[in-house]
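**Q** If you read the protein sequences in the order shown, they are chains A and B. If you count the first sequence from 1, position 351 lands on 351 in the working numbering, and the numbers rise without skipping. If you count the second sequence from 1, position 183 lands on 183 in the working numbering, and the numbers rise without skipping.
A portion of the hints provided could be inaccurate.
Covered stretches of chain A, as calculated for chain B (at least 3 residues, CB under 8 Å) [said to hold, decoys possible]:
(1) 66 to 78
(2) 326 to 333
(3) 365 to 371
(4) 411 to 418
(5) 445 to 456
Residues from chain B that keep clear of chain A, each with C-beta distances beyond 10 Å, as calculated [said to hold, decoys possible]:
(6) Lys27
(7) Ser67
(8) Asn95
(9) Glu157
(10) Thr170
(11) Lys174
Hints listed in this document are in silico derivations from the structure and should not be mistaken for laboratory results. We treat Cβ as the ideally placed atom computed from N, Cα and C, and that holds for glycine.
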Amino acid sequence: MNYTPQKFSINAKRALENEKLRANLTRAIKHTLTKRTEVVSELSNWEELRQLAHDIKKHTIENLGYYLELFEKRAIENGINVLWAKDGNEAREFVIEIAKKAKAKLCVKSKSMVTEEIGLREFLEENGIETVETDLGEFIVQLANEMPSHITAPAMHKSRDEIGELFAEKLGVELTTEPEKLTAIARKILREKFLNADIGISGANFLVAETGSIVIVENEGNAGLTTTLPKIHIAIAGIEKVIPRLVDLTIFFKILGRSATAQRFTSYVSIINSPRKNKPDSPEEIYIILLDNGRTELLKSEKLKPALYCIKCGACMLACPVYQRVGGHTYGSIYPGPIGSVLTPTMFGFNEAKVLPFASSLCGRCYEICPVKIEIHHILLWLRHEAVQKNLTSKLEKIVFKLWTISMRNVKLYELGASLMRFVSKIGLQPKFKNWTKTRDFPQLAEKSFREIWRKELKNDFK
Amino acid sequence: MKIGLFIPCYIDQIYPQVGVATVKILKKLGVKFDYPLNQTCCGQPAFNTGYWEEAKTIAENFKNIFSDFDYIVSPSGSCTSMVKNFYPEILQDSNDWENKTFELSDFLVNVLGVDSTGAEFPHTVAYHDSCHALRELGIKNEPRLLLRNVKKLKLVEIENSEDCCGFGGTFSVKFPEISTEMVKDKVKSIVNSGAEFVTSTDSSCLMHIFGYAKRKNFKVKIIHIAEILANF
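Given only the sequences and the hints, what does the whole structure look like? Please build it.
**A** What follows is the structure, given as structure tokens:
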């Protein structure tokens with residue numbers, strides 16, 4: 001993973017000036033949000049569903065150990081191999097060990113954010129195992145050698161023209177910008193890979209504890225092929241993906257499709273229970289790697305724990321006025337946008353990502369749209385506090401707030417400060433804070449403050 | 001019933017007419033209240049920038065001044081939200097901040113049961129939903145109801161009225177480019193609405209909208225909702 005959240009401000013300026021990127025983002029986001037409103041408003045009980053999903057997630061996270069152990073027990077009973085990885089390194093080692101044992105040369109991958117999180121594809125390729133992304137969006141960003149810019153729409157930042165040019169350049173095909181033709185090109189290449197792959201690697205949207213099932217939702221059928229054609233299927237999932245019961249899926253299916261891609265239901269759902277048992281369309285071996293990679297750190301904090309409710313739909317990104325304008329790559333992390341600004345500093349290193357919790361106007365759109373009701377904007381506030389506590393803010397800012405506190409604590413000093421500012425402005429010495437005034441005017445202080453008017457003109461009316 | 005009027009620091013110093021209008025409205029409705037002169041700020045600038053210790057100091061000061069009141073009323077959604085939603089967290093005291101703190105339009109409609117102040121304002125007005133009033137306090141219909149009942153006022157909705165204006169306190173100076181892009185879109189939709197005035201529960205959003213509109217010579221004028229409601 002190319003981890004550069006410290007460059008957020010520089011990246012943001014660059015992105016804002018990139019008209020092509022802005023146009024691509026605006027078009028894609030507007031389209032999805034409009035459709036989302038449509039498919040959400042047709043449900044009369046959307047708020048109820050959000051609350052239910054929140055409650056289920058909360059209950060599961062509060063009892064995470066219990067449900068993980070139950071999942072493990074049931075999965076093993078079904079013949080699935082369960083592996084626990086404390087971090088990315090352990091998870092990668094598990095995968096390479098399995099691959100080496102199977103003498104694997106080719107892996108096909110379906111879309112998975114945790115594998116992006118641990119840089120699995122790059123790792124396998126470094127180890128001489130060709131690894132191909134089979135989700136169309138991921139296939140595009142792999143070709144372009146980029147990171148996904150959104151967690152469910154990885155190539156959202158690209159227009160079809162750009163994708164056509166990319167295909168022509170990298171695949172040596174004739175230039176076309178028709179989505180159907182581009183899809184057919186990718187499909188032809190990918191079919192070949194599916195049929196020859198030794199291992200299929202997937203993520204998981206949900207792990208059902210009571211049945212030990214791995215659940216994957218998707219739209220292209222590529223996850224279905226990834227998890228059935230190769231002889232070995234390795235699924236990797238964050239430990240927060242577990243849910244108690246199969247029936248809980250009825251709620252999550254309703255909210256996830258609508259929130260992620262503005263669909264009533266995704267085109268495909270795979271519920272994987274066991275390896276081949278007299279069935280031709282199933283792998284001989286299934287592994288599930290349960291990945292921690294910093295998640296139990298979040299579990300330790302009452303404030304941060306709710307971030308683990310996240311079902312990785314990406315709706316908060318689409319709704320965020322900052323993300324809408326700067327796009328996912330600006331965040332320099334695999335998880336961009338509002339929830340990314342929570343997960344990135346807390347999971348992958350606060351120091352490098354300390355700017356992210358501040359990169360929000362705290363407008364609350366993220367919470368409003370979140371299908372599991374995570375108060376993302378309030379967690380960002382908490383993380384700002386953590387940044388101050390960890391001494392990661394500037395000396396100047398600290399001094400400013402110390403002085404500000406002194407003057408606000410005492411009404412005499414407050415009034416004195418205000419008079420001083422009035423005087424300074426009167427003699428034309430008003431300080432210019434250019435971060436505001438470069439693009440916007442700042443109002444003058446009023447001739448008389450409210451309290452002055454109150455004292456002299458209004459107070460007596462109320463005696 | 002003891003009512004305390006909280007006039008946030010920036011309204012006190014930059015937009016005193018908003019405080020005056022609030023007083024005028026309450027007086028007309030026969031509401032008895034007090035304006036404690038030793039009040040300053042709610043502490044939100046520090047709180048939202050992560051300086052919770054400093055914010056707590058200011059909140060303690062506020063507590064000493066406002067503890068005895070049954071209601072606290074303020075012409076600001078943002079500062080009301082600070083007291084109502086975050087004081088319980090940083091102060092951990094016995095005050096029922098959540099239930100006794102009200103933004104002005106919320107107080108007029110939901111506590112006093114008023115739907116008109118008898119004002120007249122012969123202009124086309126657009127209402128901008130401030131994020132804190134809308135999403136932290138759930139105030140959406142109250143200001144619109146009051147505005148609709150202002151004589152001769154034509155209320156227009158702006159496209160994306162619920163989008164943030166890009167102010168966000170220190171966000172506006174920490175990320176000036178992003179913040180400016182946000183206010184640019186906001187001003188554009190206000191201009192497109194054909195409104196002469198844009199109003200809101202929050203002078204902070206209006207200050208930001210004014211700042212960009214003035215720089216770019218857009219004719220749109222800002223006015224706090226209290227000023228319209230006090231125009232009788």
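**Q** Evaluate each hint against the coordinates.
**A** A quick look at each hint next to the structure:
Check result for the stretch 66 to 78 of chain A against chain B: violated, 0 residues qualifying (beta carbon to beta carbon below 8 Å, three or more required). For the stretch 326 to 333 of chain A, the proposed coverage by chain B is not satisfied: 1 residues have a C-beta within less than 8 Å of a C-beta in that chain, short of the threshold of three. As drawn, the stretch 365 to 371 of chain A meets chain B at 3 residues by the rule of a beta-carbon pair under 8 Å; at three or more, the given contact holds. Using a Cβ-Cβ cut-off of 8 Å, 3 residues of the stretch 411 to 418 of chain A lie near chain B, which meets the minimum of three, so the contact claim holds.
A stretch counts as covered by a chain when three or more of its residues have a beta carbon under 8 Å from one of that chain; for the stretch 445 to 456 of chain A and chain B the count is 10, and the coverage holds. Some Cβ of chain A comes within 10 Å of the Cβ of lysine 27 of chain B; the nearest lies about 7 Å off, and the non-interface call is violated. The Cβ of serine 67 of chain B sits about 16 Å from the closest Cβ of chain A, beyond the 10 Å cut-off, so the non-interface label holds. With 10 Å as the threshold on Cβ separation, the claim that asparagine 95 of chain B sits away from chain A holds: the shortest Cβ distance comes to roughly 19 Å.
No beta-carbon of chain A comes within 10 Å of the beta-carbon of glutamate 157 of chain B; the shortest separation is about 16 Å. Non-interface status of threonine 170 of chain B relative to chain A is broken: a Cβ of that chain comes within 10 Å, the nearest being about 8 Å off. A beta-carbon of chain A comes within 10 Å of the beta-carbon of lysine 174 of chain B; the shortest separation is about 6 Å.
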